[in-house]
Amino acid sequence: MSFMDIYLIVPNAFASGMIWFVLLAVLLYIARDPAHQAITSLSRVIHNSMRLSASAVARSESWMLQRNKDVLLAQGREAAERMIEREFERIDATVRRDLAEYPALHRQLSEEATRLDEDYQSSIEVPPAPPGWIKAVEAVAKIPAKGDPVVSNILEDIHVSLEKASDDAMEQCRKSSRERHQILKGMMPHWRKVSQRLSQVNKNVDSLLLRSKSMDRHMAEYENIVQGTDQAVRTLSSSSITQFFVSAFVLAIAVGGAVINFNLIATPMAEMVGGTSRIMGYSVANIAAMVIILVEIAMGLFLMEALRITRLFPVIGALDDKLRRGILWAAFIFLFSLAGIEAGLAYMRELLMQDAAATRALLRADGVTEVVQNSHLWITTAAQMGMGFILPFVLTFVAIPLESFVHSLRTVLGVLAVTFLRTLMWSLRLQGNLARFSGRLLISVYDLLIFAPLWVEQLMKTSADKRTEKADELTESETVSSLVRDSA
Amino acid sequence: MKNKIYFKLSIVALALLLTACSSGDAPVPDTRGVYLLIDTSGTYTQELEQAKRVINFTLSELNPGDSFAVARVDTGSFSEKDIVTKTTFDSRPSASNEQKRIFQANINTFLKEVKSSSHTDITGGILQAIEYLDETGAGHKTILVFSDLKEELREGYVRAEIPLALSGYSVIALNVTKLRSDNVDPREYLGRLNDWKQRVETGGGRWKVVNNLERLESLLEI
Chain S
3 MSFMDIYLIV
13 PNAFASGMIW
23 FVLLAVLLYI
33 ARDPAHQAIT
43 SLSRVIHNSM
53 RLSASAVARS
63 ESWMLQRNKD
73 VLLAQGREAA
83 ERMIEREFER
93 IDATVRRDLA
103 EYPALHRQLS
113 EEATRLDEDY
123 QSSIEVPPAP
133 PGWIKAVEAV
143 AKIPAKGDPV
153 VSNILEDIHV
163 SLEKASDDAM
173 EQCRKSSRER
183 HQILKGMMPH
193 WRKVSQRLSQ
203 VNKNVDSLLL
213 RSKSMDRHMA
223 EYENIVQGTD
233 QAVRTLSSSS
243 ITQFFVSAFV
253 LAIAVGGAVI
263 NFNLIATPMA
273 EMVGGTSRIM
283 GYSVANIAAM
293 VIILVEIAMG
303 LFLMEALRIT
313 RLFPVIGALD
323 DKLRRGILWA
333 AFIFLFSLAG
343 IEAGLAYMRE
353 LLMQDAAATR
363 ALLRADGVTE
373 VVQNSHLWIT
383 TAAQMGMGFI
393 LPFVLTFVAI
403 PLESFVHSLR
413 TVLGVLAVTF
423 LRTLMWSLRL
433 QGNLARFSGR
443 LLISVYDLLI
453 FAPLWVEQLM
463 KTSADKRTEK
473 ADELTESETV
483 SSLVRDSA
Chain U
-9 MKNKIYFKLS
1 IVALALLLTA
11 CSSGDAPVPD
21 TRGVYLLIDT
31 SGTYTQELEQ
41 AKRVINFTLS
51 ELNPGDSFAV
61 ARVDTGSFSE
71 KDIVTKTTFD
81 SRPSASNEQK
91 RIFQANINTF
101 LKEVKSSSHT
111 DITGGILQAI
121 EYLDETGAGH
131 KTILVFSDLK
141 EELREGYVRA
151 EIPLALSGYS
161 VIALNVTKLR
171 SDNVDPREYL
181 GRLNDWKQRV
191 ETGGGRWKVV
201 NNLERLESLL
211 EI
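Read top to bottom, the protein sequences are chains S and U.
Our numbering puts the first residue of the first sequence at 3, with every later residue one more than the last.
Our numbering puts the first residue of the second sequence at -9, with every later residue one more than the last.
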């Protein structure tokens, strides 16, 4: 029985359609109240479930936000502690280096001061004492000569003697002054030394002051972080996302280096472990080459940990210095050995390539076995060996961006999770509201389909209302007339 | 409690990882096996210089772990004695290169000393090839037939009714020269090619004809 057989109640399709419409309208009208209730209940159920889900997602979002904040603050606190620790170490080093010499400096300055004092004392000018017989000469000089040649001669001699004594005194005075000037001249280097030492002390004190300012800044940041202020969270979040992109970029460069390294050693690895074996579809030679590179990276991580440059493994950082140094040397020796192995493999690769080229030339040239040797081939061989040796050490530094990447990844994942949860919440709310208003729309559409019975119902209701009103009016008028009668 | 949940999650993750890593079908080996049949009958011996080119090309294309055998097609080719030289290349590249050089030297010696045979038993050669390649366990098997494809069996030799089990094989006819009679009636040549194609495809193999030996690049494409 086809659809048309059921549809055609009468031969005319339009008439059949009208009959079906009337029948359905009547049926829908009869089922109106339960249908309305069903639609309303369904839409309410969907709306409520979506609303509840959205509330749960909102709780998860707030939990995630709090978690992100906690992570950021914890990371920031750790970083700030590290910075403050470093600053303290620097201040300690400065104090040890500069101020530890202070007693020696003080002694030197005291010695210089004593020397300067001595020199000063030595340089005080003492006026030459006048000779003792001057007064006697003055007395003799007062004797009247009266033309006595003897007296005149004596006086002349005295005059000569006096002049000579005066010259001697003058000479002595000059000599003494020259000596004092020499002493004063000798004081100059001491003054300079004192000046230099004092400026050095000034510089050291300035350096300490600068460090203390930097320390104040770090301490302020640390206090902000400990208090968990919004500004600190915003700053840390921005810094973390920047760190993420920068470290991802550096890691991408490192991956490029690792790929080059892999290509250097994958071919010769086939010579060691065979080129045909496979594990899960991957050549064992390739897996072995990859394992060597990964082991090198792991050794690099341990090396950086043991040097306390990174803090990916707190266990290594917490070890006592002797053991830590042991790990450091072990990691370095392994790394050095692997670098040597890689250099050897790079050399082997060159040999294999030459061998393959010679075989290919032999096969393609139909018996012509001579292969032209490039005299500069040693340059590429040396370059390959050099790269094979250096790249493992270069890959060691991957630890630094890796640490930043791991730490910042937590924040970035948290931010992404929050964004996802917000989108989910919005979507759930939208769906809930859509379900709610779709229910209302469905009820309206339902009523639209049975507009004819509803219209009839409306008409009947109106006429019934009118009849009721008339009956009420009649009853009222009768009541009034009976009251009038009673009162009369 | 938390540890238990983590433990269970780890077990589930491990199970998922193992499921993802394993596949339902047995893995097909990545190695190749090539068997070259060289027709040494009648005037076709003049074409053997071309066969040398094909062998050298094939040698240069094969990798460590692959297998290669060269056999002549003569009166009765279903015999190990007709295999001129065969090898499975070592997994080490240097040893593999050395094997290739020895292989080429063997072929050169063979081509210098080869004598023309009176009959051509191509079917027997293909049966021998199937046997050899099955033994190698190669993942991709190719039979190269360097011949005019004109089979001439000695009286009493039964070959026509034997089905060729060539499922998973590629059979490539190389340098199918035209005989004098083909020039008189080209339908003979076309019919010969068509017969071989039907036999190979009926056996489940893939059929291909390469007459232009200047373009051998696609010869061993998997």
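Derived from the structure by calculation, the hints contain no laboratory data.
Any given hint could be a false lead.
Some, not all, of what chain U presents toward chain S, calculated at C-beta under 10 Å [claimed, not checked]: (1) 19; (2) 32; (3) 35; (4) 37; (5) 45; (6) 50; (7) 53; (8) 75; (9) 84; (10) 85; (11) 86; (12) 96; (13) 100; (14) 175; (15) 178; (16) 181.
Here are the simulated SDA-like pairs of lysine to any residue, each with C-alpha atoms no more than 20 Å apart in a straight line [to be verified]: (17) U/42 x S/363; (18) U/42 x S/366; (19) U/42 x S/362; (20) U/42 x S/360; (21) U/102 x S/366; (22) S/71 x S/419; (23) U/76 x S/362; (24) S/187 x S/126.
From a predicted model like this one, the values you see are computed outputs, not experimental measurements.
All C-beta atoms, glycine included, are put in the ideal place defined by N, C-alpha and C.
Here is what the structure says about each hint:
no.	hint	result
1	19	8 Å, holds
2	32	25 Å, violated
3	35	18 Å, violated
4	37	15 Å, violated
5	45	9 Å, holds
6	50	4 Å, holds
7	53	7 Å, holds
8	75	15 Å, violated
9	84	6 Å, holds
10	85	9 Å, holds
11	86	8 Å, holds
12	96	13 Å, violated
13	100	14 Å, violated
14	175	36 Å, violated
15	178	34 Å, violated
16	181	35 Å, violated
17	U/42 x S/363	15 Å, holds
18	U/42 x S/366	10 Å, holds
19	U/42 x S/362	14 Å, holds
20	U/42 x S/360	18 Å, holds
21	U/102 x S/366	19 Å, holds
22	S/71 x S/419	13 Å, holds
23	U/76 x S/362	19 Å, holds
24	S/187 x S/126	14 Å, holds
In the structure shown, a violation is registered for the earlier hints numbered 2, 3, 4, 8, 12, 13, 14, 15 and 16, in ascending order.
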